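J.: Sequence:
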Amino acid sequence: MDADDLLDEYTDAIYASNYTAEEIAAIKERKKLNETVNVCRAMLRDETWEHDATVTEPDVYLSLASALESLKRRFEAIDVLIRGVDVLEDHPALQLALARLQFKAGQYDEALETCLLVCAAYPDDKRCTRETAADAYHLAGWVKIHGDDHTNAYALWSRGSAAIPSCPVLARQHRKRQCWDDESDMDQLIPGLVGDGGFGLPARGFTVPPTTRALALFDRATQHNELVFRSTTPLLTEAECAAVVDIVQTYHKEVLDGHWGTVRHSSVKTTDVAVEDIPSLRPWLKVLLQSRIYPLLNVCFPRLADGTTMIDPKTGESRCRVHDAFIVRYDEKDESLSLPLHNDTSVTSAVVTLNRGFEGGGTWFDALGQSVDADVGHAVAFAGPLRHGGHPITSGTRLILVLFLYVQDFAYGDYLHQAVDCHDGEATPEEKKDQGFVVYNQTVELVATLNQQTNTIT
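For the sequence shown, counting from 1, position 51 maps to 408 in my numbering; every step adds exactly one.
By construction, these hints were calculated from the structure, which means they are not laboratory data.
The model shown is predicted, which means the values in this text are computed figures rather than measured ones.
Heads up, a few of these hints could be off.
Simulated pairs of lysine-lysine, PhoX-like, Cα-Cα distance not exceeding 25 Å [stated by the list, open to error]:
hint, residue 1, residue 2
1, 429, 533
2, 671, 610
3, 461, 389
4, 533, 483
5, 385, 429
6, 483, 429
So the derived label-pair ranges between C-beta atoms look like this [said to hold, decoys possible]:
hint, residue 1, residue 2, range
7, 732, 461, 38 to 48 Å
8, 634, 543, 12 to 22 Å
9, 522, 465, 24 to 34 Å
10, 480, 562, 45 to 55 Å
11, 377, 562, 47 to 57 Å
12, 568, 656, 48 to 58 Å
13, 519, 766, 16 to 26 Å
Quick reminder that beta carbons are idealized off the backbone N, C-alpha and C, glycines included.
All chains, full assembly: derive it from the sequences and hints.
T.: Right, dumping it as structure tokens:
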């Protein structure tokens, strides 16, 4: 045992008498990270890569930034990467690491600009790998989603998929857009899934306070402070709903071995499946959207804040597009009873009840101070930025269709920001709550992209 071992043993004894095991582990991790910071700074000062072939200059910058980020010194990490990008003449790996931290820091314009530089570098810059370029396209799209510009987000993802067809994440986003925009398979609709129900009209509107931020997306003169609507006739019959549920259950049994998972957000205990993943439900949803959901939304939200409508005046077709469509299950047995308060990344959202056999449920809206529920086959439609949550079920299993919809070429983020700015920079209590974390805007894939580990020097 040498002197260093004795010192470590003595230090451990002191820690053990004053801290828990978890606290000791955290102390040691901070110590290791601080050592990494010091080593990396020394390497940069001494230009170690000039005489040590095992060290590369980009890795030193990446390791230093990673250690600073882990020490919660994000803006120092950003400065390090900006310096590295300058020194190494726009090295794509450093640019991507910088874009990730800019995104985490809420510097969305800067993150987008940095991502696009990486995208432009591929494939001519041989330092830019396919993986680096794919991550840059993926993150750039999410920056657009955070700016409530879904149209350009999907355009970026589709462009990225064309440039890097081997990337499964970009391919999935591109396929999603193709899936919902291509109507050629609507004639493959299984009989008995849609068509016998009503059109939901007239819908009952629920009035929110005039200071509610989500009103900024619409023309106030035509909206009359109504942001939540419930159908008065069922869009689907009970038999149609039962047929849809049967297809979902069969899919889970035969394809997923009975396992319900989630593809929305890793920290929220709900279970769901994307409708696009169940081939026989794709034409069903397209018909439901075109014949029921979109006409209902056009009546409920007659004019947008930019003066346009949800109907294209030239074609007469709806401008609404699917961002996400899920069959969601709340179940008493696995304790997925509710969903926390949140805001959707959508212009409008809709929930269609697919079954009975549960107690409780419905959608809670803060601005209303109440839960709005719907019978089987009925829909509740509302403005996506309106703060809401899944009201707890008390027994049974609740199955619903959840839709997050945007309007083609309507980037609504600026209208939301202006709604806060018009109060001389002071948000109302409702707006302050609306500025909280958005549950649906980060998928597991995005979280993985943001938290991807870079090469580190130990």
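J.: Hinted pair, alpha-carbon criterion (25 Å max): residue 429, residue 533. Please report holds or violated.
T.: 36 Å, violated
J.: Holds or violated: the 48 to 58 Å window for the beta-carbon distance between residue 568 and residue 656?
T.: 25 Å, violated
J.: Does the Cβ distance between residue 519 and residue 766 fall inside 16 to 26 Å?
T.: 21 Å, holds
J.: Holds or violated: 47 to 57 Å for the Cβ distance of residue 377 and residue 562?
T.: Given range 47 to 57 Å: holds, Cβ gap about 54 Å.
J.: Does residue 429 sit within 25 Å of residue 483, going by the straight-line distance between their CA atoms?
T.: 32 Å, violated
J.: Does the structure keep residue 533 and residue 483 at a Cα separation of 25 Å or less?
T.: Violated - the C-alpha atoms of residue 483 and residue 533 are around 31 Å apart, more than 25 Å.
J.: Is residue 671 close enough to residue 610, meaning Cα to Cα at most 25 Å?
T.: 45 Å, violated
J.: Can you let me know if the beta-carbon spacing of residue 634 and residue 543 is within 12 to 22 Å?
T.: Cβ of residue 634 to Cβ of residue 543: about 18 Å, so the range 12 to 22 Å holds.
J.: Using the Cβ atoms, figure out if residue 480 sits within 45 to 55 Å of residue 562.
T.: Holds: the Cβ-Cβ distance is about 53 Å, inside 45 to 55 Å.
J.: Need the status of pair residue 461, residue 389: alpha-carbon distance at most 25 Å?
T.: Judged against 25 Å, a Cα distance of about 23 Å means the pair holds.
J.: Range first: 24 to 34 Å. Now tell me if the beta carbons of residue 522 and residue 465 are that far apart.
T.: At roughly 27 Å between Cβ atoms, residue 465 and residue 522 fall inside 24 to 34 Å, so the hint holds.
J.: Does the alpha-carbon distance linking residue 385 and residue 429 stay inside the 25 Å limit?
T.: It holds: about 16 Å lies between the C-alpha atoms, which stays within 25 Å.
Hints 1, 2, 4, 6 and 12 from the earlier list are contradicted by this structure; the remaining hints agree with it.
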